[in-house]
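Chemist: Take a look at the letters that make up each chain.
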Amino acid sequence: MSAKHPIEIFMPPNMLKAKVGGRIGGVDVAALKRAEKALDELKGEFGAWINDDIARLVEARKTYQGAQNDENRYDLYRASHDLRGQAMTFGYPLAARIAASLCKLLDNNQGSAPQTLIDAHVDAIGIVVRQNMKDDSDRTARALAGELEARVGEVLSKNGEGA
Amino acid sequence: MSGYRFDRLKILIVDDNPHLRKLVAAILHAFGVNQIAQAANASRAWAMLRDVNPDVIILDWVMDGMSGVELAKMIRTDPGSPNPFVPIIMLTGNSLLEHVHLARDAGVNEFLAKPVSSNAILTRLLAVIEHPRPFVRTKVYFGPCRRRRRIRDEYEGPERRQPTDAGLDKKAQQETSATT
Numbered sequence: 001m002s003a004k005h006p007i008e009i010f011m012p013p014n015m016l017k018a019k020v021g022g023r024i025g026g027v028d029v030a031a032l033k034r035a036e037k038a039l040d041e042l043k044g045e046f047g048a049w050i051n052d053d054i055a056r057l058v059e060a061r062k063t064y065q066g067a068q069n070d071e072n073r074y075d076l077y078r079a080s081h082d083l084r085g086q087a088m089t090f091g092y093p094l095a096a097r098i099a100a101s102l103c104k105l106l107d108n109n110q111g112s113a114p115q116t117l118i119d120a121h122v123d124a125i126g127i128v129v130r131q132n133m134k135d136d137s138d139r140t141a142r143a144l145a146g147e148l149e150a151r152v153g154e155v156l157s158k159n160g161e162g163a
Numbered sequence: 001m002s003g004y005r006f007d008r009l010k011i012l013i014v015d016d017n018p019h020l021r022k023l024v025a026a027i028l029h030a031f032g033v034n035q036i037a038q039a040a041n042a043s044r045a046w047a048m049l050r051d052v053n054p055d056v057i058i059l060d061w062v063m064d065g066m067s068g069v070e071l072a073k074m075i076r077t078d079p080g081s082p083n084p085f086v087p088i089i090m091l092t093g094n095s096l097l098e099h100v101h102l103a104r105d106a107g108v109n110e111f112l113a114k115p116v117s118s119n120a121i122l123t124r125l126l127a128v129i130e131h132p133r134p135f136v137r138t139k140v141y142f143g144p145c146r147r148r149r150r151i152r153d154e155y156e157g158p159e160r161r162q163p164t165d166a167g168l169d170k171k172a173q174q175e176t177s178a179t180t
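Those protein sequence lines, which keep their order, are chains A and B. Going by this note's numbering, the first sequence opens with residue 1, and the numbers climb by one from there. Going by this note's numbering, the second sequence opens with residue 1, and the numbers climb by one from there.
Be careful, since some hints might not be right.
Unchecked claim - Taking beta-carbon pairs under 8 Å as the criterion, some of the chain A residues facing chain B (in silico):
| no. | residue |
| --- | --- |
| 1 | 22 |
| 2 | 36 |
| 3 | 43 |
| 4 | 88 |
| 5 | 151 |
| 6 | 155 |
The set of hints was computed from the structure by calculation and includes no laboratory data. Glycine included, C-beta positions come from ideal geometry on N, C-alpha and C.
Start from the sequences, fold in the hints, and give me the full structure.
Modeler: And the structure:
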């Protein structure tokens with residue numbers, strides 16, 4: 001390495017390991033079971049949590065409809081992005097899939113995203129959660145998600161953004 | 001049982017979603033972590049750092065105001081940072097490879113893509129405890145080494161791919177003879 005751009009590599013003392021002590025060995029199965037139990041206890045709240053996220057998405061959509069500027073567009077993207085991660089964690093993978101499609105539309109399409117397509121995504125997410133369609137085992141819901149993804153692909157291709 | 005005293009750890013969760021913070025905190029509690037601080041945004045987390053002095057930070061990426069990536073960079077490089085070496089686990093819905101690289105370039109130790117699961121959190125926690133990365137200081141970067149550790153360096157078993165004098169190791173010879 002040239003002296004012009006020196007690289008210093010060093011290993012800081014592992015204070016973390018010193019703090020938590022030695023290891024007996026193996027994955028802590030008991031801790032994982034306790035964590036799974038804790039998650040099970042929280043699952044009753046997941047429905048309310050995902051509805052909070054949907055309410056935020058609907059509000060962001062309304063604001064964007066009222067004034068289509070970069071700031072409102074970003075807020076709508078943020079709401080869909082958060083919902084994508086949250087819905088999967090809270091056990092609604094189909095809603096997460098549709099939210100991911102909306103994210104793709106808002107993130108990649110620097111042209112104007114068709115309001116009807118945004119609305120279709122937001123409404124679809126509301127429906128699949130209200131109907132408790134958690135995964136894509138429902139044929140109609142699966143087809144709806146596929147259709148939305150295809151439409152997003154068409155819009156992005158048309159605008160030269162790539163699907 | 002891992003034998004680790006997770007009850008000695010102080011962990012700071014930074015996420016603007018209160019539900020996610022509650023979920024991650026519940027998982028950490030189940031692991032035995034009972035010193036958990038929470039911040040709803042990166043600016044608040046930065047302000048809390050000195051007082052909380054966390055051992056590990058679990059950090060969301062996309063938040064209002066300062067992003068998780070920006071906070072990670074500040075923690076690593078700002079002269080006012082109370083602990084530039086603190087392990088940072090980035091928890092995010094951004095899971096594309098380019099996002100992983102961006103997070104690494106900001107000085108993140110481990111990357112955890114949503115959905116959140118107890119197993120994934122435990123794995124990342126164990127990674128920062130058991131396999132800390134060396135730190136690198138260059139003109140443009142300070143933080144954990146961004147290169148992946150070579151698996152071969154971690155493997156402690158017999159070297160089966162290294163040819164012996166006979167060209168095959170003993171076991172391979174036995175297997176070969178058993179099948180012929």
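Chemist: Which hint numbers doesn't this structure obey?
Modeler: 3, 5, 6
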